[in-house]
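Novice: Residue numbers (full-length UniProt numbering), protein chains in the order written: chain A, 1 to 105; chain B, 1 to 105.
Be careful, since some hints might not be right.
[As the list claims (entries may be wrong)] Result set (DSBU-like, lysine-lysine): computed pairs, CA atoms no more than 35 angstroms apart in a straight line:
no. : chain 1 : residue 1 : chain 2 : residue 2
1   : B       : K63       : A       : K94
2   : B       : K51       : A       : K51
3   : A       : K94       : B       : K51
4   : A       : K63       : B       : K94
5   : A       : K51       : A       : K63
6   : A       : K94       : B       : K36
7   : B       : K94       : A       : K36
8   : B       : K94       : A       : K51
9   : A       : K36       : A       : K63
10  : A       : K36       : A       : K51
[As the list claims (entries may be wrong)] Not close to chain A: a few residues of chain B, all C-beta gaps over 12 angstroms, as computed:
no. : residue
11  : E37
12  : L43
13  : R66
14  : L102
Hints in this document: simulated from the structure, not taken from any laboratory. Quick reminder that beta carbons are idealized off the backbone N, C-alpha and C, glycines included.
There are 2 protein chains.
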Amino acid sequence: MVNHRLDRLFHALADPTRRAMVERLCRGPASVSELKEPFAMSLPAVVGHLKVLEEAGLVTTSKQGRTRTCQIEPNALRQAEQWLAGQRTEWERKLDRLGTLLEET
Amino acid sequence: MVNHRLDRLFHALADPTRRAMVERLCRGPASVSELKEPFAMSLPAVVGHLKVLEEAGLVTTSKQGRTRTCQIEPNALRQAEQWLAGQRTEWERKLDRLGTLLEET
Chain A
1 MVNHRLDRLF HALADPTRRA MVERLCRGPA SVSELKEPFA MSLPAVVGHL KVLEEAGLVT
61 TSKQGRTRTC QIEPNALRQA EQWLAGQRTE WERKLDRLGT LLEET
Chain B
1 MVNHRLDRLF HALADPTRRA MVERLCRGPA SVSELKEPFA MSLPAVVGHL KVLEEAGLVT
61 TSKQGRTRTC QIEPNALRQA EQWLAGQRTE WERKLDRLGT LLEET
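With the rest of the complex left out, here is chain A (with noise of 0.2 angstroms):
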């Protein structure tokens, strides 16, 4: 299942917008009217850019009266970082091999 996870995860970065909330969310909790306010864009359009975030496990909502509040979940953030971690390792391990390769020969 984590790679349906990381599925999300990268599908829900690769849009400006959702960068953008991101952004702004790693800054602090917002409330969904604070989130809307930077963008040029209906309500329902930035509810569906959060439920996309959401089902990614990049955000958490909670509601309190009539204020919904949104946060970061950067364990997420984390996960597709590991990833990209990992791989650049794999790739830094096989340039050494190479170099000493080269060194030896």
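Following the hints, position chain B against chain A.
Specialist: Leaving out everything else, chain B in the frame of chain A:
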């Protein structure tokens, strides 16, 4: 244009077959048929995935005779990783500020 680059990068990584191709290429270059091997997939489907990876700047290919060799572009992986790390740092800074605030009160 950096934004569009991240769109393409994250979109390319949102597919499990393409991530498996990236994982394979991080262990070293491969021909298209070597890359195709682990997948129960037609050649056109594999070539289609490769195209998405190339457009995202994650993979470059070069042809010698009849063999097309694919290579990873580690800088593209690094770009995606850096964006994620930047968000995490922002979030951790926010946490630190909150911690300081709590200590002060």
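Novice: None of the hints should be skipped; say for each whether it holds.
Specialist: To see whether the hints hold, each was checked on the structure:
{"no.": "1", "hint": "B:K63 x A:K94", "result": "22 angstroms, holds"}
{"no.": "2", "hint": "B:K51 x A:K51", "result": "29 angstroms, holds"}
{"no.": "3", "hint": "A:K94 x B:K51", "result": "24 angstroms, holds"}
{"no.": "4", "hint": "A:K63 x B:K94", "result": "22 angstroms, holds"}
{"no.": "5", "hint": "A:K51 x A:K63", "result": "15 angstroms, holds"}
{"no.": "6", "hint": "A:K94 x B:K36", "result": "21 angstroms, holds"}
{"no.": "7", "hint": "B:K94 x A:K36", "result": "21 angstroms, holds"}
{"no.": "8", "hint": "B:K94 x A:K51", "result": "24 angstroms, holds"}
{"no.": "9", "hint": "A:K36 x A:K63", "result": "16 angstroms, holds"}
{"no.": "10", "hint": "A:K36 x A:K51", "result": "14 angstroms, holds"}
{"no.": "11", "hint": "E37", "result": "18 angstroms, holds"}
{"no.": "12", "hint": "L43", "result": "23 angstroms, holds"}
{"no.": "13", "hint": "R66", "result": "26 angstroms, holds"}
{"no.": "14", "hint": "L102", "result": "15 angstroms, holds"}
Checked against the numbered hints above, the structure violates none of them.
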